[in-house]
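*Asks:* Throw the hints in and build the complete structure from the sequences for me.
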Amino acid sequence: MPNDLTDKASLRVLLAILIGVAVLIAIASVNLYETRRERAELNDHLTQLVTAMNSRPAYPAAPTHSSGPDPGKVYSVNTEGAPFEGLKSAPIKVVEFSDFQCPFCARVDPTVKQLQDVYKDNVQIVWKHLPLIRIHQNAMEAALAAEAAHNQGKFWEFHDKLLASKGRLTPDQIKQYADELGLNPAKFEEDLNSPEVRKRVTDDMSEAQRLGVTGTPAFFVNGHFLGGAQPLAGFAKVINPELERLKLPMPPTAAQ
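Numbering of the sequence shown is given in the working numbering, commencing with residue 1 and proceeding in unit increments.
Think of the hints as simulated: they come from the structure by calculation, not from any bench.
Check before you lean on any hint, since a few could be wrong.
Quick list of simulated restraints, FRET-style, between CB atoms [stated by the list, open to error]:
{"id": "1", "residue 1": "E189", "residue 2": "E244", "range": "44 to 54 Å"}
{"id": "2", "residue 1": "E80", "residue 2": "R107", "range": "21 to 31 Å"}
{"id": "3", "residue 1": "E80", "residue 2": "A164", "range": "22 to 32 Å"}
{"id": "4", "residue 1": "L87", "residue 2": "N184", "range": "21 to 31 Å"}
{"id": "5", "residue 1": "T170", "residue 2": "S89", "range": "34 to 44 Å"}
{"id": "6", "residue 1": "N193", "residue 2": "I135", "range": "19 to 29 Å"}
Nothing here was measured: the structure is a model prediction, and the numbers come from that model.
Every residue, glycine too, gets a C-beta built ideally from N, C-alpha and C.
*Replies:* In structure tokens, the structure reads:
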């Protein structure tokens, strides 16, 4: 009898151990499943995040033109109705796609003015809008305001104020510049919100996209692309050969 009791007790202990092992295995299996599921979910999340980041449109960077138009080609750029300085009949047209909030555009502006001093009536400067709206929150408003000023014959005066503002281009500051130039405030406000004015700006942006321009400032000198805030010598490398091709005299102060 004692042996039977001992055997039964041993069986109970063994059974308890087996049940305990089974429970532990079950718990371990559940934990392993949860760990794998969480890891799979984390991998899915990371995959989605990487895909989303890769699919986001790249912001155009002002000084970078590596993927821009081919400098070896001659492009046709529409200048009809665009603000310009210089003679309409000037043999050299320097078309600038620019952004009033771009620091590189402000930096190159004195050089653009120097072109007129050096090449005089041989050069016409044409402005085209390319507000980089993904990185410059006030660029579109500034472009619209410049066109509104253009409607009152004050584009270049307004242009100078915007580029000299060092990025101070909030709506209130823009209206202050309009007041300082003596623009009619009611007409300025009306033109600022005009679909026609907005279309001028967006048409320029569409043309820049067609030409492959992705950053500002971007120039086309008689159709030849020149990217970035170039010094005078950079412009001269394109302008001087054009003068030679057209058999026009070279200014004595032209950079070689």
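*Asks:* So does E80 sit 22 to 32 Å from A164, Cβ to Cβ?
*Replies:* 28 Å, holds
*Asks:* Using the beta carbons of N193 and I135, state whether their distance is inside 19 to 29 Å or not.
*Replies:* Given a distance of about 24 Å, which is inside 19 to 29 Å, the answer is holds.
*Asks:* Assuming the hint says 21 to 31 Å, is it satisfied by the Cβ distance from E80 to R107 or not?
*Replies:* Once the Cβ atoms are compared, 29 Å apart, the range 21 to 31 Å for R107 and E80 holds.
*Asks:* Taking the beta carbons of E189 and E244, is their distance inside 44 to 54 Å?
*Replies:* 49 Å, holds
*Asks:* Can the suggested window of 21 to 31 Å be confirmed for the beta-carbon pair L87 and N184?
*Replies:* 29 Å, holds
*Asks:* Do T170 and S89 keep their Cβ atoms within the hinted range of 34 to 44 Å?
*Replies:* 40 Å, holds
Checked against the numbered hints given earlier, this structure breaks none of them.
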